[in-house]
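Colleague: These protein sequences, in sequence, are chains P and H.
Numbering follows the working numbering, in which position 56 of the first sequence is assigned residue number 56; successive positions increment by one, without gaps.
Numbering follows the working numbering, in which position 55 of the second sequence is assigned residue number 55; successive positions increment by one, without gaps.
I should point out that these hints are in silico values taken from the structure, not numbers from a laboratory.
Treat the hints loosely; a few may be bogus.
[What the hints assert, rightly or not] A short, non-exhaustive set of chain P residues, derived as facing chain H with CB atoms under 7 Å:
1) Tyr32
2) Gly43
3) Asn98
4) Phe102
[What the hints assert, rightly or not] Footprint (simulated), chain H over chain P, 3 or more residues, beta carbon under 8 Å:
5) 11-17
6) 68-76
Think of the CB as a built atom: it goes at the ideal place given N, C-alpha and C, for glycine as much as any other residue.
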Amino acid sequence: QKEVEQDPGPLSVPEGAIVSLNCTYSNSAFQYFMWYRQYSRKGPELLMYTYSSGNKEDGRFTAQVDKSSKYISLFIRDSQPSDSATYLCAMSASTGANNLFFGTGTRLTVIP
Amino acid sequence: ETGVTQTPRHLVMGMTNKKSLKCEQHLGHNAMYWYKQSAKKPLELMFVYSLEERVENNSVPSRFSPECPNSSHLFLHLHTLQPEDSALYLCASRWGTGSNEQFFGPGTRLTVL
C-alpha cells in the first residue's frame, strides 16, 4: 500500500467552478500536511501548510485535514485559468523532517 | 527564478556519457535535496545534505553521485545512466529544523538515449 494516494486526474473544470482535490494516507503518524502547486516546466511551490486536523483558508484556497479518516483536501473557489497546474499533496510525521511523503499529483485544467 | 536555480534545464545524454547537474540556492538555507520526478509517480527523494554533510541516501544506484561543496551549491554527477533514469530532477532547499517547507528549483529534464 502506498503511503499517500492521490487521484492523478486529469481534471478539467470551467472557469469559476469550485475544485476539490484530495489525498488519502495510511500512516496515522502524519501531522504536517502540505499542498504544492507545480506549473508546467516549473518546480513545485508551496501553496498551503497545515498542522493536524482542521481547516486553513488563504484567499480562494482552503485546505482541510481529517485525521480520523486520514483524508486531506484542497478546495479552490472561483477557479481561474491561472490555476491550471499539477497539485501535489505532501505530508510528514514531524517538523523539520527531511522525508516528505508526496502524492503522485493531480493535473488540473481550468477552461476559460 | 532567483530562489533555487538549476542548470541545465534540459539534458540529453547517451548511456556512456558523464554529465553533471548543478543546483544553487540563494535563500541562505542549510539543507539541500535531490528528487527524481517521473510521470505518474510520487517525488522520489534521492539525497539529502544538511550543513554540507550527506544525511540520507535512499538506495540510489551508484551511477548517481552527489556533491555538496558548500551550503549554497549542490551537484548531481551522472555516469553510465540507463533509459529508465530519464525524468525531471528537482533540487530543493530548506532552512533549519523548524519547518517542513522545501523550496524547489525548476528542475532539469533529463533524457537518456
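Colleague: Are the hints correct? Go through all of them and say.
Modeller: Do the hints match the structure? See the list:
{"no.": "1", "hint": "Tyr32", "result": "holds, 5 Å"}
{"no.": "2", "hint": "Gly43", "result": "holds, 3 Å"}
{"no.": "3", "hint": "Asn98", "result": "holds, 5 Å"}
{"no.": "4", "hint": "Phe102", "result": "holds, 4 Å"}
{"no.": "5", "hint": "11-17", "result": "violated (count 0)"}
{"no.": "6", "hint": "68-76", "result": "violated (count 0)"}
Comparing the model with each numbered hint stated earlier shows that hints 5, 6 do not hold.
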